[in-house]
Amino acid sequence: NAGVTQTPKFQVLKTGQSMTLQCAQDMNHEYMSWYRQDPGMGLRLIHYSVGAGITDQGEVPNGYNVSRSTTEDFPLRLLSAAPSQTSVYFCASSLTGYSNQPQHFGDGTRLSIL
Amino acid sequence: KNQVEQSPQSLIILEGKNCTLQCNYTVSPFSNLRWYKQDTGRGPVSLTIMTFSENTKSNGRYTATLDADTKQSSLHITASQLSDSASYICVVRINTGTASKLTFGTGTRLQVTL
Chain X
1 NAGVTQTPKF QVLKTGQSMT LQCAQDMNHE YMSWYRQDPG MGLRLIHYSV
51 GAGITDQGEV PNGYNVSRST TEDFPLRLLS AAPSQTSVYF CASSLTGYSN
101 QPQHFGDGTR LSIL
Chain F
1 KNQVEQSPQS LIILEGKNCT LQCNYTVSPF SNLRWYKQDT GRGPVSLTIM
51 TFSENTKSNG RYTATLDADT KQSSLHITAS QLSDSASYIC VVRINTGTAS
101 KLTFGTGTRL QVTL
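Heads up: the protein sequence lines correspond to chains X and F, in order.
Residue 37 in our numbering sits at position 37 of the first sequence, with consecutive numbering throughout.
Residue 29 in our numbering sits at position 29 of the second sequence, with consecutive numbering throughout.
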């Protein structure tokens with residue numbers, strides 16, 4: 001049981017480049033989300049999805065796009081990378097978004113924008 | 001403003017000793033409080049989830065307490081081991097009737113030494 005898998009683990013981009021961070025879960029979870037973790041700050045929600053075909057913005061959505069065509073996959077797209085997007089990105093999933101069940105996190109993608 | 005504050009920011013203890021980490025929150029309306037353990041370079045892993053009616057919850061050597069009246073929680077680690085070295089993150093879920101709205105603390109970094 002792989003849980004939540006994120007790829008790549010590390011990435012370096014130049015300002016203005018675009019890329020997609022991949023996230024896949026094999027637990028048949030309805031709820032998936034993307035967070036960024038910056039030094040001295042708590043994790044902040046970028047986008048989330050309560051099921052296939054449904055996405056919504058979180059706390060810091062600007063500069064990011066998401067889609068959810070399948071239950072398993074929830075990719076995060078950086079449209080035009082900026083140095084302020086240098087961060088560690090975590091994908092998480094839970095059975096639903098409305099319960100007291102824990103979120104399962106991937107091991108993160110460490111992204112540097114030069 | 002909904003906030004979750006943790007103390008201390010960092011802590012060093014000897015192996016075998018006990019320690020207690022603190023979490024104060026101003027989040028409202030409260031749904032549940034979670035403690036996560038995050039090893040260096042990994043994603044957070046759930047330790048406990050407590051609802052309004054729960055005062056104490058244990059997971060092995062980890063015991064979390066919750067005082068919903070004073071909006072305080074603590075995580076007590078008994079007989080610490082080197083593998084307990086990690087960041088411990090307090091997370092509070094807001095009961096908004098919509099999908100999960102989590103507010104993350106900045107974490108307490110624990111180092112267990114010989």
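Hints in this document: simulated from the structure, not taken from any laboratory.
Among the hints, a few may not be true.
[Stated by the list, open to error] For lysine to any residue, the following SDA-like pairs were computed, each having C-alpha atoms within a straight-line distance of at most 20 Å:
{"no.": "1", "chain 1": "F", "residue 1": "57", "chain 2": "F", "residue 2": "113"}
{"no.": "2", "chain 1": "F", "residue 1": "101", "chain 2": "F", "residue 2": "78"}
{"no.": "3", "chain 1": "F", "residue 1": "17", "chain 2": "X", "residue 2": "113"}
{"no.": "4", "chain 1": "F", "residue 1": "101", "chain 2": "X", "residue 2": "113"}
{"no.": "5", "chain 1": "F", "residue 1": "71", "chain 2": "X", "residue 2": "42"}
{"no.": "6", "chain 1": "X", "residue 1": "9", "chain 2": "X", "residue 2": "50"}
{"no.": "7", "chain 1": "F", "residue 1": "57", "chain 2": "X", "residue 2": "56"}
{"no.": "8", "chain 1": "X", "residue 1": "9", "chain 2": "F", "residue 2": "45"}
{"no.": "9", "chain 1": "F", "residue 1": "101", "chain 2": "X", "residue 2": "42"}
{"no.": "10", "chain 1": "F", "residue 1": "101", "chain 2": "X", "residue 2": "41"}
{"no.": "11", "chain 1": "F", "residue 1": "57", "chain 2": "F", "residue 2": "78"}
{"no.": "12", "chain 1": "X", "residue 1": "9", "chain 2": "F", "residue 2": "71"}
{"no.": "13", "chain 1": "F", "residue 1": "101", "chain 2": "F", "residue 2": "27"}
{"no.": "14", "chain 1": "F", "residue 1": "101", "chain 2": "F", "residue 2": "17"}
{"no.": "15", "chain 1": "F", "residue 1": "101", "chain 2": "X", "residue 2": "30"}
{"no.": "16", "chain 1": "F", "residue 1": "57", "chain 2": "F", "residue 2": "10"}
{"no.": "17", "chain 1": "F", "residue 1": "17", "chain 2": "F", "residue 2": "7"}
{"no.": "18", "chain 1": "F", "residue 1": "17", "chain 2": "X", "residue 2": "59"}
{"no.": "19", "chain 1": "F", "residue 1": "17", "chain 2": "X", "residue 2": "56"}
{"no.": "20", "chain 1": "F", "residue 1": "57", "chain 2": "X", "residue 2": "59"}
{"no.": "21", "chain 1": "F", "residue 1": "101", "chain 2": "X", "residue 2": "19"}
{"no.": "22", "chain 1": "X", "residue 1": "9", "chain 2": "X", "residue 2": "96"}
{"no.": "23", "chain 1": "F", "residue 1": "101", "chain 2": "X", "residue 2": "9"}
Just so it is clear, the structure is predicted and the values come from calculations on it, not from any experiment.
Report the numbers of all earlier hints that the structure fails to satisfy, in ascending order. 1, 2, 3, 4, 6, 7, 12, 14, 16, 18, 19, 20, 21, 22, 23
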